[in-house]
Structures are given as structure tokens and as C-alpha cells.
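On the provided structure of chain Y, position chain L as indicated by the hints.
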Amino acid sequence: MTAANGSGAGEEIRLSVPASLEYVRIVRLTTSAMASRFGFDVDEIENLRVAVDELSSTIVESAGSGELSIAISETGGDFCIEGWAPIESGRSLELDQLTAQILNAVCDKYELRVADGAARFVCLRRLPTN
Amino acid sequence: MDEQAVGPDLVLSVDAERTSAVVAVRGELDAYSAPRLEDEISKLLREPFDAVVLDLSGTGFLDSSGLRAILSAHRRLTESDRQLLLRAPSEPVTRLLEITGLTDHFTVEK
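Keeping their order, the protein sequence lines are chains Y and L.
Residue numbering for the first sequence follows this note's numbering, beginning at 4 and increasing consecutively.
Residue numbering for the second sequence follows this note's numbering, beginning at 114 and increasing consecutively.
Just chain Y, same shape as in the assembly (with noise of 0.2 Å):
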């Protein structure tokens, strides 16, 4: 886990861990620490908890092997989690109705797709106003 700068605004933390659901909750705890630290409070953590596990499983289960790579940032005003995992040629992802049911009320917006190779996402909250 790397962190590109130390403080403030423009900060962004890179996780990369096994492509394989037994590490999912260390990207989880990870958004927990890093949603807290971005001054949300404890329901939109478990919000930004279950989104990022929802969709880190959901490319995790379509990727062959490799690594699952997260970066947390902040961007224009958005708490942004990206993911992606390498995928199996001819594989495609899948989300059925009860996890995009999920996801459509914990982010603002999120996006599953396939692109060079990998399977991604990404997710956006919008950061607290305090």
C-alpha cells in the first residue's frame, strides 16, 4: 500500500491484494479507514464498506488470476474508489439485480466495465460538507 502524498486534499492510497475473495475485506477495512478519514460518518463508512465490497467481489469473481489493484482519492469533490483485476479472455462481468440493487443506494454512481484486459470499477461518493 503505497500513499502518494501525506495530507489534505489530492491524497490517494494504492492497495493491491491477491485477486481472490478471502482479501476483499482488506480492501474493506482499508475504505473504512480511508472514508473516516475523509470525514464520513459511521453509516456512509458502512455505505462505502459494502460498495466497494460488492464490487471488488463482483470483478474478483470474474478475474482468472492475478492481483485485485484499489486506489482511493478524492476527486472534484468525490470520495473515488477504483478497482480493477485482470480478466479471463471471453469472460464477461455479472451483476445480478439484488447486488446492483445494493449498489445503486450506497454510491452516488458506480461503473462495472471491461477494458484492456481488465475488469473495473468505479465508485463516487460525494464528500461531506462540514
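To be clear, the hints were calculated from the coordinates, so they are not data collected in a lab.
All values reported here derive from a predicted model rather than from experimental measurement.
Virtual Cβ for every residue (Gly too), placed ideally from N, Cα, C.
Careful: at least some of the hints might be erroneous.
Stated by the list, open to error - Ranges between beta-carbon positions, derived for each pair: (1) PRO21/Y <-> THR132/L: 39 to 45 Å; (2) ILE29/Y <-> ASP217/L: 30 to 36 Å; (3) LEU32/Y <-> ASP194/L: 37 to 43 Å; (4) ARG129/Y <-> ARG200/L: 34 to 40 Å; (5) HIS218/L <-> GLU70/Y: 36 to 42 Å; (6) LEU98/Y <-> PRO148/L: 17 to 23 Å.
Chain L alone, transformed into the frame defined by chain Y:
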């Protein structure tokens, strides 16, 4: 009581209360750990319990996979004329049930 650790973040413990099996789900029920709950339910379906109570008071995290495991348990028990009850669902569990509109789908033990 029968207790098993499902990886570092989930412990399932099973106890008998009269004619019910109580499964305490302590920790995080997610895509990685949810299959173990399904396995436990499969084992309990072979036992002569009238009901399975899922004690969710210690469930610190639940996602769609965990929720699907609970829905599957409900369906399988109902199909065998038995009941699934939820006991003391934690805040994360309650939140996900509200988000998905499934609050009234389950019987919460009083």
C-alpha cells in the same frame, strides 16, 4: 455447542435450544464465508430440528452473498416445512435488509 472458524473473520457456532438449532454468525458474512453458512444449513437439514434460528447479533458485516445464503436457508427450510428465524439482527444486517426491501421477508424472533 459446535463451533467452527471460517477463516479469520467468521465463526459459526451451533447449539440446540429445545427443537431448534441456533446458529450464531459472529463476524463478517461475505462472498468468501457465505458458502460455509450454506454448508452448515445443509447439515442441519439432515437433523430433526423444527427450526433454525440465525443469531445475527454478532454479524459485523453482511453483503449480497451473505444475504443470498440467508435467503437460500429460508427457502430450503420452508420447502422442508421448517422455519428460519432471525435473532437480534445487527445494525449492518438490518441496514441491508432495509436497502433490499427484505425486512418483512423474514421472521424476527421476539
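Going through the hints against the structure:
no.	hint	in the structure
1	PRO21/Y <-> THR132/L: 39 to 45 Å	holds, 44 Å
2	ILE29/Y <-> ASP217/L: 30 to 36 Å	holds, 35 Å
3	LEU32/Y <-> ASP194/L: 37 to 43 Å	holds, 42 Å
4	ARG129/Y <-> ARG200/L: 34 to 40 Å	holds, 36 Å
5	HIS218/L <-> GLU70/Y: 36 to 42 Å	holds, 37 Å
6	LEU98/Y <-> PRO148/L: 17 to 23 Å	holds, 20 Å
Of the numbered hints listed earlier, not one is contradicted by the structure.
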